[in-house]
Structure formats: structure tokens, C-alpha cells
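Asker: Taking the hints into account, I'd like the entire structure generated from these sequences.
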Amino acid sequence: MEISKLILRIGFCVNLFILTGTMNAATESKEDHSSSKTQQATFGGGCFWCFDAIFKTEDGVKKVTSGYAGGKTSNPTYEQVCAGATGHAEVVQIEFDPAKVSYEQLLDLFWRAHDPTTLNRQGADHGTQYRSIILYHNEAQKQAAEKSKHKAAGQFKDPIVTEIISLKEFYSAEGYHQDYYKNNPRAPYCTMVIHPKLEKLKKH
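To convert, note that position 125 of the sequence shown is 125 in our numbering; the numbers rise steadily by one, no gaps.
Quick caveat, the hints were computed from the structure, so don't treat them as lab data.
Take these hints with a grain of salt, some might be off.
[To be verified] The list that follows gives simulated cross-link-like pairs (lysine-lysine, BS3-like), each with its CA atoms no further than 27 angstroms apart:
no. : residue 1 : residue 2
1   : 203       : 56
2   : 72        : 142
3   : 203       : 149
4   : 200       : 147
5   : 142       : 63
6   : 200       : 56
7   : 197       : 149
8   : 157       : 182
9   : 72        : 203
10  : 157       : 63
11  : 100       : 157
12  : 147       : 202
[Claimed, not checked] Simulated DEER-style distance windows between Cβ atoms:
no. : residue 1 : residue 2 : range
13  : 179       : 108       : 35 to 43 angstroms
14  : 164       : 95        : 18 to 26 angstroms
15  : 83        : 147       : 34 to 42 angstroms
16  : 126       : 196       : 13 to 21 angstroms
17  : 189       : 63        : 28 to 36 angstroms
Computed from a prediction, not measured in an experiment: that's the story for all the values here.
Built from N, CA and C at the ideal position, the CB exists for glycine as well.
Answerer: What follows is the structure in C-alpha cells.
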């Protein structure tokens with residue numbers, strides 16, 4: 001009788017150990033999954049080659065994709081966007097870890113990375129496709145963007161013309177536009193425009 005009780009007790013303990021281990025593993029898996037969640041931000045401020053290189057320097061940014069947004073044409077090509085008839089702007093979509101970098105910090109870099117007071121122009125790049133624009137993904141981002149714009153206004157002598165609108169659709173740009181600075185460091189635009197801007201931001 002005592003032996004039977006002992007066997008039952010051992011069996012109960014073994015099952016409890018297995019169950020506890022399974023629950024812990026499930027909990028850890030859930031925690032790992034939640035901690036790895038990322039968010040997205042979408043900005044435009046001139047040529048997307050610049051923004052791609054700039055935002056990739058920010059700690060916590062996982063991925064930057066160059067593309068088009070803010071217009072009406074579905075699946076636009078680079079040539080169509082450059083023609084100015086699509087309504088789209090050259091933008092970058094940023095995947096970031098909010099545990100390492102906040103949306104507000106990305107907005108701060110956005111204001112420093114370009115001149116938000118020039119309408120449809122950044123340097124030698126002219127056209128609506130080069131306009132300053134923030135495309136928010138949710139209401140929280142909208143409020144943060146508007147608050148940040150109001151705060152940034154004090155840093156410029158001219159009025160900010162940045163457009164703040166809801167993101168409807170993002171279209172990834174052609175493959176040769178992705179990682180452009182990294183893949184073409186000696187190209188004239190990279191050496192004369194992007195590199196100096198990166199150095200300036202680094203000093204700031």
C-alpha cells in the first residue's frame with residue numbers, strides 16, 4: 001500500500017514538473033515575442049537616398065525601405081513619381097524597436113535631417129516628390145507629429161511647410177534604390193550630398 005502511494009506521489013511530481021516547465025517555456029516564448037515587436041514610421045524630406053542613409057545611423061532602427069507614398073497612383077514607378085503626376089513623395093519607411101528608440105526621437109532626427117521650410121524642394125532637388133512630409137500610422141503618431149512640429153517651429157526662422165497626413169499606402173521603390181548610399185558610396189550624389197550631411201549630423 002505504501003509503495004503504491006509512493007509511486008503515485010512520484011508520478012504526480014513528474015507530471016507537475018513537466019507541466020510547470022511547459023508553462024514557463026510558453027511564458028518565455030510569449031515574452032520574447034512581445035519584446036521583439038517593432039513599429040513603423042514613414043517620413044519624406046527630399047531624395048530618399050539621403051533619408052535612408054541618415055535613419056540607418058539611429059540606434060534601434062531595424063530596417064529602412066525607400067519608397068513612395070502620399071499620392072494617388074497605385075504601384076508607381078520612379079519615372080512616374082519624378083514626372084510629378086502621381087502625387088507621391090519619395091519617402092522612407094522605418095522599422096524600429098520602440099524599446100531602443102522612440103517615435104519622438106525619430107521625429108527629432110527628421111527635423112534635423114532636412115529643411116522643412118522649403119516647399120517642394122530640398123537643395124537642388126525640385127518637385128512635389130521632394131516635399132517634406134510625415135505620414136502617420138495611427139492617432140498616437142499623428143498627435144506626436146503635430147506636437148513635434150510645433151516644438152520644431154522655434155528652431156527655424158521661416159515657417160515649417162511639412163505636410164502631416166495619414167498613411168494610406170506605401171509602395172517600395174525599385175531594388176536599385178534600396179541601400180543606395182551603402183552600395184554606391186563613391187557616386188557623385190553620395191560624396192557631395194549624403195556624406196557631408198551625415199558628417200554634419202554626426203557633429204550635432
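Asker: A separate judgement is required for each hint: does it hold in the structure or not?
Answerer: Right, here's what the structure says about each hint:
Straight-line distance between C-alpha atoms of residue 203 and residue 56 comes to about 16 angstroms, which keeps the hinted pair within the 27 angstroms bound. Proximity of residue 72 to residue 142 is assessed by CA-CA distance (about 21 angstroms); at most 27 angstroms being required, the pair is judged to hold. For the suggested pair residue 203 and residue 149, the alpha carbons sit about 23 angstroms apart, so the restraint of at most 27 angstroms is met. A hinted pair counts as satisfied when its Cα atoms are at most 27 angstroms apart, and residue 200 with residue 147 qualifies at roughly 25 angstroms.
For the proposed pair residue 142 and residue 63, the alpha carbon gap of about 22 angstroms is at most 27 angstroms, so the pair holds. With a CA separation close to 15 angstroms, the supplied pair residue 200 and residue 56 stays within the 27 angstroms bound. For a cut-off of 27 angstroms, the pair hint linking residue 197 to residue 149 stands: about 21 angstroms separates their Cα positions. Straight-line distance between C-alpha atoms of residue 157 and residue 182 comes to about 34 angstroms, which puts the hinted pair past the 27 angstroms bound.
Distance restraint check for residue 72 and residue 203: the Cα-Cα separation of roughly 39 angstroms exceeds the 27 angstroms cut-off, and the hinted pair is therefore not satisfied. Taken as a hint, the residue 157 and residue 63 pair is broken in the structure, with Cα atoms around 33 angstroms apart against an allowance of 27 angstroms. Distance restraint check for residue 100 and residue 157: the Cα-Cα separation of roughly 32 angstroms exceeds the 27 angstroms cut-off, and the hinted pair is therefore not satisfied. Proximity of residue 147 to residue 202 is assessed by CA-CA distance (about 25 angstroms); at most 27 angstroms being required, the pair is judged to hold.
Between residue 179 and residue 108 the CB atoms are about 24 angstroms apart, so this pair departs from the stated range of 35 to 43 angstroms. Range check, residue 164 to residue 95: Cβ separation about 21 angstroms, and the 18 to 26 angstroms hint holds. Our hint of 34 to 42 angstroms for residue 83 and residue 147 holds, since their Cβ atoms are close to 35 angstroms apart. Hint check: residue 126 to residue 196, Cβ distance near 20 angstroms, so the stated range 13 to 21 angstroms holds.
Checked against the hint of 28 to 36 angstroms, the pair residue 189 and residue 63 fails, with Cβ atoms roughly 22 angstroms apart.
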